[in-house]
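Here the numbering used here is used: position 57 in the sequence shown is 115, and no number is missing along the way.
Just so you know, the hints here were simulated from the structure itself, not pulled from any lab data.
Keep in mind that a hint or two might mislead.
[As the list claims (entries may be wrong)] Okay, derived cross-link-like pairs now, DSSO-like style, lysine-lysine, Cα gap no bigger than 27 Å in a straight line:
| id | residue 1 | residue 2 |
| --- | --- | --- |
| 1 | K82 | K129 |
| 2 | K65 | K129 |
| 3 | K156 | K127 |
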Amino acid sequence: MTQEKRKHRRFEMELPVTLRAHGKLIPAATLDISLGGICLLTDLQHEIKNGPVEVVVDLNSDLRDVSLKGKVLRSQNSIEKKVAIEFNAPSSGLKNLKTFLSRK
59 MTQEKRKHRR FEMELPVTLR AHGKLIPAAT LDISLGGICL LTDLQHEIKN
109 GPVEVVVDLN SDLRDVSLKG KVLRSQNSIE KKVAIEFNAP SSGLKNLKTF
159 LSRK
């Protein structure tokens, strides 16, 4: 059995998210999140194309919404519409996400 190696620890949690992709605002929820990326669940009826996106995550009342820039790695359009996104730009949002995850 091979062990999956990741640079950042993943946290399974459900948080409200707005995904901004290709000029659209798409409501979603996290399945898991790390400092390196996020996996989202959405009810969007079509596949989200690979490319740059912005993810706005509602963390909590202290840290509020954080904006994170990334790129779509894959989009699964089956019964559960999942989107995997890799964060690719340092931001104050990433700093706030690090603070939030360090409390978990």
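task = Hints the structure violates: just list their numbers, smallest first.
result = none
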